[in-house]
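Colleague: These protein sequence lines are chains A, B, C and D, in that order.
If you read the first sequence in our numbering, its first letter stands for residue 43, the second for the next number, and so on.
If you read the second sequence in our numbering, its first letter stands for residue 8, the second for the next number, and so on.
If you read the third sequence in our numbering, its first letter stands for residue 5, the second for the next number, and so on.
If you read the fourth sequence in our numbering, its first letter stands for residue 517, the second for the next number, and so on.
Be aware that one or more of the hints could be misleading.
[Said to hold, decoys possible] With a Cα cut of at most 30 Å, we get these calculated DSBU-like pairs of lysine-lysine:
#1 A:Lys-161 - A:Lys-209
#2 B:Lys-387 - B:Lys-458
#3 A:Lys-161 - B:Lys-192
#4 A:Lys-209 - B:Lys-458
#5 B:Lys-113 - B:Lys-387
#6 A:Lys-209 - B:Lys-192
#7 B:Lys-206 - B:Lys-192
#8 A:Lys-161 - B:Lys-458
Just so you know, the hints here were simulated from the structure itself, not pulled from any lab data.
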Amino acid sequence: MFDDWLLHLCLIVLAAPLAGFCVQYVWGRRLGAAGAWLTCVTMFLSLACSVLLGVAALSAGAGFDVHLGPWSWLEPGDGAAWNIGIRLDGLTVVMLVVVTLVSFLVHVFSTRYMEGDAKYPLFFAWLQMFSFSMLVLVLADNLLHLFMGWELVGLCSYKLIGFWSEKPAPCLAARKAFITTRIGDLGMMIALCAIGTWVGSFEFDAVFAAAAAGEIPDPWLLIAGLGLFLAAAGKSAQLPLHVWLPDAMEGPTPVSALIHAATMVAAGVYLVGRCAPMLTPDVLVVVATVGAVTALVAGLIALAQNDIKRVLAYSTVSQLGYMFLGLGVGAWHAGLFHLTTHAFFKALMFLGSGSVIHGCHHEQDMRRMGGLRRKMPITAWTFLIGVLAIAGVPWITSGFFSKDGILSGAYGVSPVLFWIGLGGAVLTAFYMMRLYVLTFEGEPRDAHVHDHAHESPRAMTVPLLILAALTLIIGPLAWHEILLAPPTSVDPAAAWGTLQTLAQEHHHAGVVMWLAIAAGVGGLALGWLVFHIRRGSLEALKRPFAGLERVFAEKFWFDELYAAVLLRPADALARGLRRVDEGVVDGLVNAAGRSGVRAGEASGAHDRRVVDGLVRLVGHVCQGLGGALSALQSGRVRLYLSLSVGLLALALLLEHLL
Amino acid sequence: MSMLTTIVFLPLAAMLLCWVAPARLARVINVVACSAVMVLAVVLWIQLDPALSGYQFVQTASWLPGVVSEQGIQYYVGLDGIGLALVLLTAFVSLTAAIASWNVEKQVRGYHMMFLLLLTGMLGVFVALDLFLFYVFWEVMLLPMYFLIGIWGGPRRQYAAIKFFLYTLFGSVLLLAGVILVVLKTGSWSIPEITELAKAAVASGGDGGILGSASLCLAAFIGMFIGFAVKIPSFPFHTWLPDAHVEAPTPISMILAGVLLKMGGYGLIRVAYPFFPQAAVDCGAVISVLSAIAIVYGAFVAMAQTDFKRMIAYSSVSHMGFVTLGLAAGTETAINGAMYMMLAHGTISAMLFMIVGVIYERAHHREIARFGGLAWVMPKYFVFASIAFFASLGLPGGSGFVAEITTFVGAFDGPHRLWAIVSLLGVVITAAYYLRTLQRVYLLETPEVYKDTSAYPDLSVREWVVLAPLALVTIYMGILPATVMDIYKSVVHETLVPLLSAAGSRFGG
Amino acid sequence: MTLVAALSIQPFLYLSAALFCAGLIAVLSRRNAVAILIGIELMLNAANINLVAFDRFRVQVGDAPVIDGQLFALLVLAIAAAEAAVALALILNVFDTRDRIDVDELDLLKG
Amino acid sequence: MDWSPLIPAVELTIGILAVIVLDLLARGRHPWLTTSVALLALAGAAVSACVQPTSGLDGGAETLLGVLQLDRFSVVFTVFCCVTGFVTILATVRGEAFPTPGGEFLVLVLSAVLGMNVLAMSVDLVALYLAFETVSIAGYVLVAMRRADPRGNEAGVKYVLFGGVSSAVMLYGLSLVVGFAGGTSLEALSRAIEAGHVTGQPLWTVACVMVFAGFAFKISAVPFHFWAPDVYAGAPASVAGFLAVASKAAGFVALIRVVGATRMGVVPEASDPLTTFLPDGGVLISLIAVAAILTMTVGNLAALRQRELKRLLAWSSIAHAGYLLLLLAVWSEGALAALLFYLVAYLFMNLAAFLIAGIVIRERGTGDIEALRGMGRRNVGLSLALAVLLFSLTGLPPFFGFAAKLQLFYAVFERGFVWLGVIGLLNGVVSLYYYARVLGVLWFQEAEDAPVLRLSRADALLCAVLVVPVLGLGLFWWGAWDWARDVARDLPLVMGVR
């Protein structure tokens, strides 16, 4: 009974956006603005249902873990059963709410933001498709099912990044995003193969059980874990696959907010969180390390960016790094909680930046902004809240709770990671303050931009306000024991031993917390000082770091590196192979062509290329011999006779010898 | 007269009808005949009991008694799941191709007669259970293909036609050699009988196989494998494919990619593997390597193509690599995946070639570099194009995904894990070249040339009618794969897998 | 005991072989069609010598002398004549059109 | 003593005389008269050959004076040659050869057939040689029939010189054989070999090789094939067809008899198929095997480059001789049956092909392949017929050629000579190339100027009569094959022994 309820709710959650997609895709042009609002309605519908599910989860109390289905999807043989099914537990519910909520707000925001765009209906269609795919991913109760959603969100992200694909930049960005994540997906496929081979079912619990029981032979469990993390790193833009996310900012800002800040990029974190039970300690070490390093590196790069959206993008990368750090060090809870909080405040900031860009007529360069607070107060204040949250200002912002949790987890486990994380925290606060100041404070640096700037319409500001509010209030939810309760099968001890429990105690007390606070506030203060009060002498301050700044501005030359190491070689290889294919061993062929008598006119040009490569060689030899033979056929009867008799004598000789 | 005989010879009858009917009716007759075949195929689908692994709708008639054996060569047709799946594919693709041929102008009557003859040949191959009958249909199908490419093809059609013919005949004679050996030693022409013998041979534990000597079996298997590999076409016998495709008219390319290539895979599944399980298992490693090469290499070469149609032709090489990969692995999952890949690729590639045809008709060239921004001029066309592209690069929701994942998991399970992993690379490269093509042809600024909508109208009704069903089936196969896989699953499970696993286990795979 | 009886068969065979080779050489070396014909005749007659010789020296089976060897030789002569006649006719025919009979010039047909 | 075996021969002789006389009386005024008499004679010969009782199955077939043996084998070949002669005459009357074939032409065809008839029956070296030469000499003249045509004359001279030499070589070989056999009859030879007179005799090798030379010439096998392309090209198409079919068949008959007599025919089956290449059955057999491979390969390769229809067919007929020799090399009952079967297929395919070539030459005035350009659009029927023939010659189903090839290679594999078989099969691929090229010109190349061929009703009829069996027997060849096997069963693999 209860399950049926849940099932119906889930189905609505899924069906609403799908329906929205179909309607928009087919009749979008005719519906126009109405269509856009319709999609908002469908999103709201699934939001409502998600909330109901959340309520249900809360009311169900601790250990809420419902499986709907499974429904058989394919039985590929060897007794394997590949099902699709829905799994509802704390994690799922939270993800559901986050996804639908942010998605809904972004829909509303976009109704005005995208106004006047030629492909207005398509935009909403794909937003809907994305929401659907993301929900499929979140609701999945097995890896294969999840993988389908995983790939589909990839498609939507491709479509939406490349929404303005008349221009080259979005096209390239979209392609880059798709292929980079696809590389990550190889890992996922290997994991799937391994699981399919030794488990036969992709259902999470079955897999975890098998992993625990050691049914997956030794290297492959590790490989599968790493594969999963590779996929996650691809989606969540972790080193070394982070390169696509900043470029993805070529897409419309709402897309960046929804997909490339709040939800899709978090899918990687979700995946690792979901599969934590099957990750061996070694894998967790890798996860934590990669996360920490990414957090730091991305932060450094963010320092030197001037495009408002790129700064946010890099901050996203680094925050995702924090989440992985959290998961890696076994602060599972904190990591996923950071996912949640980050979803809100980063969506907030992206939409805010969108509002700014909208207000400034698609100006994205911070150096040409400044003093916008007076022009667009709501945007500015809400944005500031976001900044404070990401910096982790204590007690009032949600960011504080989650980040603090992660850091303390790290502290409990490995000082090195902890200090890296802390450094990252300082950076975060610093460059976010830089961003805020450059955009909203000080006096306008570009009169033109400033004069035409205006506060955005209500449809855009309201979502900002809602997100700001959420950013502030969900902090106390931090240690709710039902939502985000670690899956029963996770045994943190397995990962990092007893230290982990230590981390649990330490989470919001003692030195770690004060260090974290110091990092956040200090970073903010420093940023304010440098970019606001002492901005006159900014250049002077910068000068000693010129070299470093270049490095950061050039993003550590990752793109250049890949171009040199992967892309160009691949292209060259492709062209080479093509040449090989069109004339395998052409040298040989030509040699044969030369040695053999040239093909007769009758046989025409194509004779010389009867078939390709070696086969063509055969053709040549045949032609050559044929030519030789008909050359023997000189018409001289005496020659014939001599040949015949000679051959006969030869035959005799051979007969005699053999 | 049994269903099968009807379905096979109905096109032939239609062909004769074409001969006498006025030329302008030819295309109508063709479409009607193909629809009839489609209907019959569906009826077969409904009537065939998937639970039974044996042959159904069997019809035998004495044909050439006493040749070699007492019973001699028979007219012996029957259908099991595997055959049915491919018959359905054939009927479906042929129907779409027939509709696509609606606007053929040159020598209309001859064209449609050849088309129908081809259809008979293809259907015949999939239902024939007598080796001789099988071979006859196998070759008969070459003749119309030769003319269809040679007469209605592009500028270098004669070269392409002869090349196609030579290559395939080269394969066929090796196949024939194998067939003769088999018939010689077993004294039977009937495929099921020989399969039983092979079962017995494996069960008996001797390593002689049906030819009584392992080495002879190996030789025969290699001969047959090459024979079929040429058709598939698997590396390194693939070079006929690009030329044949580029020169062939669009509908014929659709059939070529959609059905003819499948006959190679079918031959392996129906003849080569069941007859020589031991040899097949022993060759597994080599075949896996070749398949991995085909997948990765084909993808790379496709990436470097400048001609739209050539690109797609090479993508076929790459995708058909999965078929041999799955077969080489020999696990049930892998073989099911391979089969599924044949069906998926059949529909997707037919769609892709139609998509090329659509733009070629308008632009009269296929240079990828010279296109651009077509999406803004022909949005509906773009929709189908992207469906086909993404389905082909294995995105969930398209049939390609199911095929790939199943094959991968199965092949990974098999003895040649490494090569399964290597061929995974193909997935990324495939994505790369498809997206690149998508961008260069459909996205970015539209060059002035393509802006005038009179020369570049969106899809015509004919093109709609061709593309829409293909797209629907592709998506359907992606969302509800079980319904399709159930058609042939039991056959694979009960005939092929036991043989291979028995053969594999005896020598530790 | 006739003279022949005293001889062994070898000399005849050597003679015929020599004759045959002579004919062959003539055939291969001469460009004149008629000369070639003569060569052929030599070869045929070499064969005849063999036939007769074998016939003569064969161990008699039974009492009735079997003379098919000689018969053969006679027929060969006849055939050789016929062949020569036809050949000469044809050669003449060519001679009409082009008044040489050098076989090396006959190369309309080749390739 | 039963003279009935001679009835066909007698009929043919009467026919010859009748034609001569009539020709003298009518002075070529009523060509149809002489022609019909000749046709009548051929038909009569064929019929009476069929009806006359044959000995055979009971082993030691009865012979006429120990010289001629009548068994179904010889009957079959008599009929075979009569049919060929029949078609040849018809084809020539309507073909490109000459305005009206004079009586002499008919006489020559008839005497050639007469020779073949005797050849088919002869089990004695004398008779064999006689018949052999009769066929050859008639052929020489037939080739040079068109006295005005320099190419024809040249072909004639080449043919006669080449033929003369090879028959001389053969005769020398035969004389040695006679020496070994101590008699001219094949029985004697067979007995001598049985007694082991020849074992380890170098001279015997010489003899075999030389005898083979003569046959190689007749069946145009390497290395005595050189004459064929030139002669076929020079001769009228119909005559070329006659030589390609009838006299080649005759050569094979004789060869079969001789090989049978030399008792080395019993070829041991290859024990390990994958390592055995050549059959091991003594001098003659290994000679034949090698010659077979060389012949088919040389024929096919040389054909690749031909630009003239008749030359192309000439080379292809050489290649087919190679396939047939393959059967002699493996020498089994199945092989003989297959040989018979293949010859029948070969008869239809080649006669028809040469007929069409003749028509094209008559209409277009040139035998160049390019002359076919655009025919596919205009003479659909004829082009289809040609397509069928060429596919059949390639050995593609569902045509007769395939059935024949199947049986042929089956026989080869049956004896375990896999490699010989594979080489043969691959040769088929090579051959496809030139046949397909002809079809390419025929169908794929447009020619606006090319006029339609004028095709008389008789041409069409003759074509149809020859092509229909190629189609029909392609799918239902069981009867023919069964019959071939019966006939072959009559023929002792080893003379005298069953």
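Colleague: Compare the structure with each hint and give your call.
Modeller: Here is how each hint holds up against the structure:
About 14 Å separates the Cα atoms of Lys-161 of chain A and Lys-209 of chain A, which keeps this hinted pair within 30 Å; it holds. Between Lys-387 of chain B and Lys-458 of chain B, the direct Cα distance comes to roughly 15 Å. Compliance with the 30 Å bound is thereby established for this hinted pair. The suggested pairing of Lys-161 of chain A with Lys-192 of chain B is violated, with an alpha-carbon distance near 69 Å, which exceeds 30 Å. Under the criterion of a C-alpha separation no larger than 30 Å, the hint pairing Lys-209 of chain A with Lys-458 of chain B is consistent with the structure, at around 17 Å.
For the hint pairing Lys-113 of chain B with Lys-387 of chain B, the CA-to-CA distance comes to about 29 Å; that is within 30 Å, so the pair holds. Under the criterion of a C-alpha separation no larger than 30 Å, the hint pairing Lys-209 of chain A with Lys-192 of chain B is inconsistent with the structure, at around 67 Å. Of the pairs offered as hints, the one joining Lys-206 of chain B and Lys-192 of chain B holds, with about 15 Å between alpha carbons and a cut-off of 30 Å not exceeded. Between Lys-161 of chain A and Lys-458 of chain B the CA atoms are separated by roughly 18 Å; this keeps the pair inside 30 Å, and the hint holds.
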